[in-house]
Amino acid sequence: MITIALYITLAMVVLAALLNVYRLIRGPDAPDRVLALDTLYINAIALIILLGLALGTRLYLEAALLIAVMGFVGTVAMAKYLKRGSVIE
Amino acid sequence: MSEIAEYVIAALLLIGGGFTLIGAIGLARLPDFFTRLHGPTKATTVGVGAIMLASVVYFSVSHDGIGISEILITVFLFMTAPVSANILAKAAMHIGVKPMDGTRGNPWEQ
Amino acid sequence: MLDRLNFPQPWLSLLLFTIWQFLSDGISGASVVMGIILAWLIPQITQGFWPERPAFIHAWRMPFYLLRVLGDIVIASFSVARLILSTRKPEPMFVCYPLELEHPLAISILASTISLTPGTVSADVSDDNKILLIHALDVNNEQEVIDAIRTRYEKPLLEMFK
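Chains as they are written, first to last, in this note's numbering: chain A, 1 to 89; chain B, 1001 to 1110; chain C, 2001 to 2162.
For the record, the hints were derived by calculation from the structure and aren't laboratory data. Don't take each hint at face value.
With a straight-line Cα cutoff of 20 Å, these simulated EDC-like cross-link-like pairs (lysine to aspartate or glutamate) come out [claimed, not checked]:
| hint | chain 1 | residue 1 | chain 2 | residue 2 |
| --- | --- | --- | --- | --- |
| 1 | B | Lys1098 | C | Asp2147 |
| 2 | A | Lys80 | C | Asp2127 |
| 3 | B | Lys1098 | C | Glu2091 |
| 4 | A | Lys83 | C | Asp2127 |
| 5 | C | Lys2155 | C | Asp2138 |
| 6 | C | Lys2089 | B | Glu1003 |
Covered stretches of chain A, going by a simulated chain B footprint (3 or more residues, C-beta under 8 Å) [what the hints assert, rightly or not]:
| hint | segment |
| --- | --- |
| 7 | 8-14 |
| 8 | 54-62 |
All C-beta atoms in this analysis are idealised placements derived from N, C-alpha and C, irrespective of residue type, glycine included.
So here's chain A without its partners, still in its complex pose (with noise of 0.2 Å):
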């Protein structure tokens, strides 16, 4: 059972990727490209511990928190950069 369950959560989470990439392409403003890129990492994540559940493994958690703390500073740094023109003053 739950690997039917998984099976659908995949689906669901790729058509949610899939539905940010194309907020990612239409834009049309760059705060809204950079949400978009905003939720496709936390669907990144979303999709990492999947795969760890359908493999059985705990590995891939290491990579879930890495994407976690980096997607962060990303977001932060490309709305700084929106806001103030430069990232670093």
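Position chains B and C against the provided structure of chain A, taking the given hints into account.
For chains B and C alone, coordinates are given in the frame of chain A:
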């Protein structure tokens, strides 16, 4: 693995996937930037949180102990989601992104 | 050099040490040593970013507050989900919320809470820390939002930071 644990894990996975999808639908179809901000900050965060909880339950009933890493990731996501939403809203107001027609009140600029 | 061998932020150091133990697989000699080094080094480096000490008085109230916020987050996602899936157009509004809290940490906790709970995202704080700009997704009038936030979240935070 017991029957109940299986049901719990499957339900958590489906709830998580559903919320993640709803967050993305919100991002794709809401009319302007400021309304789009609401989908990802709430729905997606809760969705990933539920998936993470499913992972915690799965690994704690199957073999090795409670997953601390999952809980750390979830806490981290819940702490950072409002911060990124806030800083993105600031950036959008600075650039002058237009709110949709019918928005009452004004974004201010400092 | 020797006068730098202290922990300027004891709670931060303790938190860093604990998180490091969780991150490394199981507690061992190496992880304890590394944890102590990190717990000393990171507060030293970031000391310039902590202008004043946090003024928590009733920290024991925090778990209750967190539980309430967690429950609201779940309700919030259901209401946002319903709005996203319905065909009705949302009626958004920018609300200026007059803050009663004064401590910067308390304000940032309140802003984060607002962002995670039903239909509101905090967008900006005025330079003098007096007004919080909130974007509400679907509301009827301004006063409703202000009253809800005041009674539900700001009151408990005020008690914690008084």
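For each hint, the structure was consulted:
Between the alpha carbons of Lys1098(B) and Asp2147(C) the distance comes to roughly 28 Å, so the proposed pair goes past 20 Å and is violated. This hinted pair checks out: Lys80(A) and Asp2127(C) have alpha carbons roughly 17 Å apart, not beyond 20 Å. A C-alpha spacing of about 15 Å is found between Lys1098(B) and Glu2091(C), which places the hinted pair at or below 20 Å, so the restraint holds. Of the pairs offered as hints, the one joining Lys83(A) and Asp2127(C) holds, with about 16 Å between alpha carbons and a cut-off of 20 Å not exceeded.
Proposed proximity of Lys2155(C) and Asp2138(C) is contradicted: the alpha carbons are some 24 Å apart, above 20 Å. Pair hint Lys2089(C) plus Glu1003(B) does not hold up; C-alpha atoms about 43 Å apart against a cutoff of 20 Å. Counting residues of the segment 8-14 of chain A whose C-beta lies closer than 8 Å to any C-beta of chain B gives 6; at least three are required, and the coverage claim holds. Coverage of the segment 54-62 of chain A by chain B holds in this model, with 4 residues showing a Cβ closer than 8 Å to a Cβ of that chain against a need of three.
Against the hints set out earlier in the document, violations occur for numbers 1, 5 and 6.
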